[in-house]
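Chemist: Take a look at the letters that make up each chain.
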Amino acid sequence: MSLFFLFALVIGLTAIGWFTARMRAAQLRPTDGFRAHSLPSYHGWYVALWLGLPALIFLAIWAIFSPGLIEQSVLADPAAQVLPDSEIERAAILGEARALADGSLGAAFNPEAEELVPAYQQASGFYGIIGTIATLLLAFACGAFAFLRVRPDFRARNRVERVVMWVLLIASLIAILTTVGIVASLLFETIRFFDRISPIEFIFGTQWSPTSTTFSDDPGSFGAIPLFWGTILIGAIIAMIVAIPLGLMSAVYLTQYAPARVRSVMKPVLEILAGVPTVVYGYFAALTVAPAVRDFAVNVLGVSSASSESAMAAGVVMGVMIIPFVSSMADDSLAAVPSAMRDGSLAMGATNSETIKKVLIPAALPGIVGGVLLAVSRAIGETMIVVMAAGLAANLTANPFESVTTVTVQIVQLLTGDQEFDSSKTLAAFALGLVLFIVTLLLNIIALGVVKRFREAYE
Amino acid sequence: MNDATDTQAAPEAKPATDEPLVDPASLKMTARNVDVYYGDKQAIDDVSIDIGMDNVTAFIGPSGCGKSTFLRTLNRMNDTIPIARTSGQIELDGEDIYDPDMDVVQLRARVGMVFQKPNPFPKSIYENVAYGPRIHGLAGSKSELDQIVEKSLIRAGLFEEVKDRLDDSGTALSGGQQQRLCIARAIAVDPEVILMDEPCSALDPIATAKIEELIHELRGKYAIVIVTHNMQQAARVSQRTAFFHLGNLVEYGETSELFTNPHQERTKDYITGRYG
Amino acid sequence: MNATTASTDGRQPTDWKTDAMQRRIRARYRAEKRFRFYGLAAVFLSAGFLAFLLFTMVSSGARGFTQVQIALPVDFAASNIVIEPEQLDGNDREQLLALADFQGLAQESMVAAYGDDGQALFSNGAWVQLRNAVSDDPTLLNRSEVIWMPASTEIDFAARGDAGENQSEERLAMMERYQALEEAGQVRSALSWTFLTMGDSSDPTLAGIWGALKGSLFTMLVTLALAFPIGVLAAVYLEEYAPQNRWTDIIEVSINNLAAVPSIIFGLLGLAIFLNTFHLPRSAAIVGGLTLALMTMPVIVIAGRNAIKSVPPSIRDAALGVGASPVQVLTHHVLPLSLPGILTGTIIGMSRALGETAPLLLIGMRAFVPSPPDGLTDPATVLPVQIFLWSDELNPGFVEKTSAAIIVLLVFLLVMNGLAIWLRNKYEQRW
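The listed protein sequences derive, respectively, from chains G, F and A.
Sequential numbering from 26 applies to the first sequence in the numbering used here.
Sequential numbering from 1133 applies to the second sequence in the numbering used here.
Sequential numbering from 1154 applies to the third sequence in the numbering used here.
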């Protein structure tokens, strides 16, 4: 019996349990002298939870472990003695036999796989029956236990609500689990990486050229300074040169000058910029912006070293993507400045622009700076635009028309292609990931702190 | 004025004598038939008033009576509210301030304003006072600017308290000091009229007393108009008082006269505390 | 200027009428106008960039939905395919079709119709059309029929009048060839069903978006099935029941931080945990969905908390006052009232997940997957990754396919965001 069918069966049984328990509870009520403690449907839920939960949990565990059990008994079969010793080939043949056995494959490529089919079918049939019986037994036993407790004075509601509370708590713990998972997986692989490459070399080295360990023992150089510089050049310098003036001035215009109708149209339009998938920006940067930037650099500026994959193209497009972040943070910050400031300045005879430049923006500056920090953190973590437009060459150059590479580009680069998992290259990706994680986290904490203090100052 | 209780009062909301209330020689601002609308709602209804240079004029009335709204029309601060609409005529030294040729930036430099809540800019004390002279280009040099700042602070009675910490933030001062800083800021551009919109309502009694003292000292140098909901304050600081009610100017006269012998029933009710 | 203003301190009152002062005022107004113009320019520049981007995509992508087709007369009856139409009713239909030499038949027909180099006119995989045609209508096998077949990339370029930068002789020859075909009425441009119904291919004329679309669909299903319940439950817990203690603080901080973690970090997490620790299948929709669910969940939690927070406490008090239990207050009142807000947040989170590329690259969803996935564990790719893969292709025929795929992706995002805005406007309640 397939797992899915079994799952559906348990769900069906749970529904039946809910109905019968509810009916029974409803019948109990009038015959008994006093009012039942809980509504019938709570009795129904109580039985359903007892019936369904243990069985489903068992089923989940069974689903994880039964393939291993089946495989073991197949390997114990005499037909499996002919299997090659190589782990990979063995796994391939076993996989094929499994596909043959459940009918998803029509014909075998390896003759050995064909041999294993009967053993597979036998084993999976055997464990299938065991699993089914165990699941159903568990469901019936637990369901019966709960069903017998359906009595007027039984506090079904409180029990059900306690389970609900646990479910809620577990759901929110997943957030912690994810955070722990991120930190643990990054840290674990990074420590393994630092066993091979010294942290000093990684953080302060200026030579980045990881080589494949498949062909030589030399792991290459892992000095990440060029990557850090490339990330800063694109995400924190060029992108911000584009995003800060455009975002800030857009916010100023839309909050201080634009008529209400213009504002109500243009604000969502600018927000669309944040909703465009980054891969679309990346494609646009590579296809349209990068060639234009190179032509401009070569023909107008006379920079002969301009590359078609340049920091400039990636940075400009990333800056455009960041505009809405900067403008909405600036918008909020300007709105948080008390209107008394504005009135005070206008009443002195200041023009609008003088008021904005000399009073509003300085007053809103902490909020704007916080927003810019958030935008920087967003920009340095952005991947697709730089993957598609910035290039792979780890140059340590200040020339924005040359190709540079970033932390995120290298993570993608190191982890794609056929890699064994614990080569220095793949581990380096996790070390880069850890750096990225820490830096973006710090930027966010600082930014949120700045913004919070700014808000409190005017409350 | 079709209120039944008003009929037994004197014929008009004018002093009994035919003599103009404000001496033509010291006449600074005149308003004639001013209406103000917020959207469809009329906030000021046909107000005419003269404001003299030689005196402090107080606007009193219950909250929502339009006294602050009217004050804001005098330097066109109502322009900053998109739905506000003003009609009628307001003149400053004979110039119509709502004339298209009138430059609102210059107007506001000539007619300064102090707000209900002290609103120093989040800059240093020095920068707060220097702000106006800077934007209007009143100082030719740094020393001249220093001089203006110092004079303004002296006039606002704040200099002795802050002379050693001009670089501290204006927002770090106490409420009363902040308000005097705002007055210094207004004085620094050398205005002709200073409008004060309930300048003491956010202050404690001691700070209030200081501000009132300051108003006394400034009297005569500037035409001062003060809006207050506090009748004792109006009696203390002003020489002329205008009583507003529901967007109308009910009565305008010498302060001593208005408080002791109001001509209008509504004024009497208000100052005797029957409403407001 | 009135004499009374004459300051006692000797400073002359400001004379606003002097020329210098008037000039200064005019300069200040010019500065005001300039500043205002800068603001307007910033808005228009930003919006203009968006418009330019969309225009570029639409104008180069529109052609991606069409296909140049060439008429090919095929004589099935005379071919060496010896299947009888009736045989195709049986169970071995697929096998019979797979073994028959449709490729050879196509080649013969091409040579017969268009000369020795006739094959160059057609897409390499065009012969599959013959098999599909027979599969749809087995009676074809007994007669001769004109079949419209996808043209080669070279003809495609010729149809566009694009002779290439260096105007090579081959390209020019191909253009002449195309003109001849056009005059003979043997060529047409049709809506490309291939593009909408097929999986990936290394030949741009045969590459389709359906495989990636299906992969996106599966991935989003997994994401929604996990992120929505967990996100809503966590939001409910934090907003309604969580005690004020250190654990709650830790949960809140983690959720807020997760919302700001770069997406590629989630890819590393998926790689290390789901692939290398739990050994889930590489490139599969289930892993992609799991990874994106972890990324989307914080967005739903934050939106959900805001929605729940906006339900006024008076409603809770009223329900508690008539003796409802805390869970009843939640299910009868708080959740129904906050549902529109939660759904809006969910759709926004899902649309972000739909456009996400980087984490999926790391868990192997960049593999070349020619056949659309049939299940959650099959190798799959998703729309944004497909766009990325095509953008890397050297064959210039992929340029318009990439743009066309972008249009498809943007249309989906537009629909989702439109739905979110509609929901918000329709059900948003102001208290």
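Be aware that one or more of the hints could be misleading.
Covered stretches of chain A (in silico footprint by chain G; criterion: 3 or more residues with CB under 8 Å from a CB of chain G, positions within the stretch not fixed) [said to hold, decoys possible]:
| hint | region |
| --- | --- |
| 1 | 1260-1267 |
| 2 | 1452-1461 |
| 3 | 1509-1516 |
| 4 | 1536-1542 |
Straight-line distance between alpha carbons at most 27 Å, and here's what the computed DSSO-like set of lysine-lysine pairs gives [to be verified]:
| hint | chain 1 | residue 1 | chain 2 | residue 2 |
| --- | --- | --- | --- | --- |
| 5 | A | K1462 | G | K382 |
| 6 | A | K1170 | F | K1274 |
| 7 | G | K477 | G | K292 |
| 8 | A | K1186 | G | K477 |
| 9 | F | K1255 | F | K1173 |
| 10 | G | K477 | G | K382 |
It is worth saying that the hints were derived from the structure and are not from the lab.
We put the beta carbon where it would ideally sit given N, CA and C, even for glycine.
Chemist: Taking beta carbons only, do three or more residues of the region 1452-1461 of chain A come closer than 8 Å to chain G?
Modeler: violated (count 1)
Chemist: Is the straight-line distance between the alpha-carbon of K1462 (chain A) and that of K382 (chain G) 27 Å or less?
Modeler: 37 Å, violated
Chemist: Apply the coverage criterion to the region 1509-1516 of chain A and chain G: a residue qualifies when its Cβ sits closer than 8 Å to a Cβ of the chain, and three qualifying residues are needed.
Modeler: Holds, because 5 residues of the region 1509-1516 of chain A bring their Cβ atoms closer than 8 Å to Cβ atoms of chain G.
Chemist: Are there three or more residues in the region 1536-1542 of chain A whose C-beta lies closer than 8 Å to some C-beta of chain G?
Modeler: holds (count 4)
Chemist: Within 27 Å, alpha carbon to alpha carbon, are K477 (chain G) and K382 (chain G)?
Modeler: Distance of about 23 Å is within 27 Å: holds.
Chemist: What's the verdict on K477 (chain G) and K292 (chain G), does the C-alpha distance respect the 27 Å limit or exceed it?
Modeler: 24 Å, holds
Chemist: When you check the alpha-carbon spacing of K1186 (chain A) and K477 (chain G), does it fall within 27 Å?
Modeler: 34 Å, violated
Chemist: Tell me if the straight-line CA distance from K1255 (chain F) to K1173 (chain F) falls inside 27 Å.
Modeler: 38 Å, violated
Chemist: Does the alpha-carbon distance linking K1170 (chain A) and K1274 (chain F) stay inside the 27 Å limit?
Modeler: Judged against 27 Å, a Cα distance of about 24 Å means the pair holds.
Chemist: At least three residues with a C-beta closer than 8 Å to a C-beta of chain G: is that true for the region 1260-1267 of chain A?
Modeler: violated (count 0)
The structure does not agree with the numbered hints 1, 2, 5, 8, 9 stated previously, though it agrees with the rest.
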